Amino acid sequence: MGTVACYASYVRTRSDKPKAAPDPYAGSDKRSDGPLQLHVFHQMDINEVVHGPCRILRRMRRPRDMAHRWAICVGLSLVARGLMAGYLPLARVPSSSFTRRSPSLLSSSKPLHSVALKSTGVSVGEWNISSEFCEPLTVPYCFFLSAPNLRRPRQTSWRSIGSDAHYPLEKGSVAKSETYRQWDYLTAKFAAASNLPFLLLQLPQVVLNAQNLLAGNKAALLAVPWLGMLTGLMGNLSLLSYFAKKRETEAIFVQTLGVISIYVVLVQLAMAEAMPLPHFIVTSVAVASGLILNFLNYFNWLNTGIWSFWEDVITVGGVSVLPQVMWSTFVPLIPHSILPGLVAFSVAFIAVVMARLGKLPEFGVKILRSTSGWTATLLFMWMPIAQMWTNFLNPDNIRGLSAFSMLLAMIGNGLMIPRALFIRDFMWFTGSGWASVLMGLGNLACMYCFKTISKEFFLSAAFGLATWIGIALWRDTKAYGYGSPVGSLKELVFGT
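Just so it is clear: in the sequence shown, position 283 is 283 by the working numbering, and no numbers are missing.
A few of these clues could be false.
Derived lysine to aspartate or glutamate pairs resembling EDC-like cross-links, with alpha carbons at most 16 Å apart [as the list claims (entries may be wrong)]:
1) K478 x E491
2) K451 x D396
3) K478 x E178
Ranges between beta-carbon positions, derived for each pair [said to hold, decoys possible]:
4) D396 x A210: 42 to 50 Å
5) K455 x A193: 41 to 49 Å
6) R356 x F494: 43 to 51 Å
7) L459 x L339: 41 to 49 Å
8) L186 x G228: 14 to 22 Å
9) I334 x F299: 45 to 53 Å
Just so you know, the hints here were simulated from the structure itself, not pulled from any lab data.
For clarity, every value in this text was computed on a predicted model and none was experimentally measured.
Glycine included, every Cβ here is placed at the ideal spot set by N, Cα and C.
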């Protein structure tokens, strides 16, 4: 695959502003009066550009999802003081002005910025390079790359533009990038394959409810807790929005399947009058709105103001539900109360309003924007704890658990661990790992202690999960070129 990484140095026209520090990623930092100067500052595989140093672009779109109609922008932001990236349709590139989100402020609630694009007409090998004139102090460094097909390996030689420096490719980089691409492909397929165990996990309940409805046995559906199903639905919607924003296609399918399957169960409960009709109508509106908005946002067809409002809604909802569910778990020992939910709702609502009014610092806004995903993850992480607490209070209930269902939960979440580790998504990795170990293996351990499953069954499941996690760590270490899994885990938790 072709290798390149460039930057266009932005000429500062305001003499009263202090000079920026030299670009550590550039071979030379030439800033002078005149037009933009394009330089090659480092040579790397395009996968490394997308997945390596630039974290924002990695979350937005993978190379295999890019056609020749997309361009890549990578560089530095003086304001954010970190790596930034963005992308835009190449069909609108020639001599056009268009609007896009500022790459350096992707995680903020800033409005869209108008950007004027001017093509340089420079061609290097089989890549076309064009520079962009960006707003001062917003995106000081940026460049765009395009190719007929990013998925096809290319043998291309590179020479610097506007510089005499030449950086030869490091030995072994081709083999390394091949390993990287293979593991990228496999982890995406593993995440997509997790749909099957999750579907098998939910399908028996749907079939059983349908049989009871056809038989006229509506009372049997009263045993299904619609409030618990509604909580799971909210968690799936929140995670769907989180992954749609990151353009993580396979995870989007998993969460969409979860939303649809739970909604089907709620439809059955409403038909059996086991769920109040007003609650069902509100739920239906929320599900339809969530699916449509996430679909539009995934394809960049949604106004950012509407998306920000939707994020505020799921943030307030998630923060309100999580403490209430945690409180309800221990209701036999503590009095029933809606106070935790009301307090959490008030705090979340005030925080959202302050963010809208610009009263929150940038750090607080970033935390608020990630709250919905974390609350959904913590909600799913709490489910195995609630189940184990129930097992502790009523050991006889363990005999009612299905070992096959626990195994499916462990497999489904385990299949997503390699992908979460590969894209360095700590939240996703934490949720998937926690669910695999506690919800799957933890409940199997409880069943083994109470002699409802055999020793061989439990040990086989434990050995399989440990082996799978070990393989994921080993392959990720090889893909990124680290000496040990510690490097991958350190980057996962603390970043680069």
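Each hint tested on the structure:
1. K478 x E491: Holds, at about 14 Å.
2. K451 x D396: 12 Å, holds
3. K478 x E178: 11 Å, holds
4. D396 x A210: 42 to 50 Å: 29 Å, violated
5. K455 x A193: 41 to 49 Å: 29 Å, violated
6. R356 x F494: 43 to 51 Å: 31 Å, violated
7. L459 x L339: 41 to 49 Å: For L459 and L339 the Cβ distance comes to about 45 Å; the hint holds.
8. L186 x G228: 14 to 22 Å: 35 Å, violated
9. I334 x F299: 45 to 53 Å: 46 Å, holds
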